[in-house]
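S.K.: For reference, the chains in residue letters:
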Amino acid sequence: DGGITQSPKYLFRKEGQNVTLSCEQNLNHDAMYWYRQDPGQGLRLIYYSQIVNDFQKGDIAEGYSVSREKKESFPLTVTSAQKNPTAFYLCASSDTGTGRGTGELFFGEGSRLTVL
Amino acid sequence: AQTVTQSQPEMSVQEAETVTLSCTYDTSENNYYLFWYKQPPSRQMILVIRQEAYKQQNATENRFSVNFQKAAKSFSLKISDSQLGDTAMYFCAFMKTYVGNTPLVFGKGTRLSVIA
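Read top to bottom, the protein sequences are chains A and B.
In terms of the numbering used here, the first sequence is residues 1 to 116.
In terms of the numbering used here, the second sequence is residues 1 to 116.
No wet-lab data here; the hints were simulated from the structure.
Any given hint could turn out to be false.
Said to hold, decoys possible - In silico DMTMM-like pairs for lysine to aspartate or glutamate, Cα to Cα no more than 25 angstroms straight-line:
1. A:57 to B:86
2. B:96 to A:95
3. B:96 to A:104
4. B:55 to A:59
5. B:108 to A:59
6. B:96 to A:38
7. B:73 to B:52
As the structure is a computational prediction, the values presented were derived from the model and not from experiment.
Produce the complete structure using the sequences and hints provided.
M.R.: What follows is the structure, given as structure tokens:
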């Protein structure tokens, strides 16, 4: 089935460690996004990529890094510079680059990161 | 920058009754898209309904409908005949344009509980 796969679902990290969250899509979508969700804060944009080998910072990019080497993959690294990394992370994709599609975001099931 | 405001952090409704969730937004754009997303306890985000700003007719999807007031920058969601499965977080979202993959801006969400 087509969709977005995030892994792992749950991840524990010690302070000072980097961790990478995986996001893979087989929807052939051009754009991919990472959002962070905290209680009472809604979804906040971390990074997004409109095309392979290109990405832009979102509203809360500090302490995070991404890469887009393949259309299907958009991994997110949470670095030790991120002051408060414990959160729920959502990856999404959309197919709007050439004017087709509806603007709809398709989401993965999310990854819960806990810093111990 | 665009902002989306959901003024009701929590709401509850009796099963089979009707409930309306509020959303206002701020933008200087004339053409844009508005969305309501649902996040049930499973955390999987699902698109509920979508509205294009240039369309005057309010969007409807089965029991879900919107009241789009462009001049007032208001986009409320009405759920009719509420069901227990409607219990979820509901997020209102704004997108400036769908050419160029502009990321969605989300509100902080409204937690809806449907009571039997």
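S.K.: Could you grab the alpha-carbon distance between residue 96 of chain B and residue 38 of chain A and see if it respects the 25 angstroms cut-off?
M.R.: holds, 24 angstroms
S.K.: Against the 25 angstroms threshold, does the CA-CA distance of residue 73 of chain B and residue 52 of chain B hold or violate the hint?
M.R.: Measuring from Cα to Cα gives roughly 13 angstroms; hence the hint holds.
S.K.: With the threshold set at 25 angstroms, check whether the alpha-carbon distance from residue 96 of chain B to residue 104 of chain A stays at or below it.
M.R.: Roughly 13 angstroms between the alpha carbons, so the hint for residue 96 of chain B and residue 104 of chain A holds.
S.K.: Measure nothing beyond the straight line between the CA atoms of residue 96 of chain B and residue 95 of chain A; if it is 25 angstroms or shorter, mark the hint as holding.
M.R.: holds, 15 angstroms
S.K.: Holds or violated: residue 57 of chain A and residue 86 of chain B, Cα atoms, limit 25 angstroms.
M.R.: Cα-Cα ~34 angstroms, so violated.
S.K.: Does residue 55 of chain B pair with residue 59 of chain A here, judged by a C-alpha cut-off of 25 angstroms?
M.R.: Between residue 55 of chain B and residue 59 of chain A the Cα gap is close to 30 angstroms, so the pair fails against 25 angstroms, i.e. violated.
S.K.: Taking 25 angstroms as the top limit, are the C-alpha atoms of residue 108 of chain B and residue 59 of chain A close enough?
M.R.: holds, 15 angstroms
Violated hints, in rising order: 1 and 4; the structure is consistent with all others.
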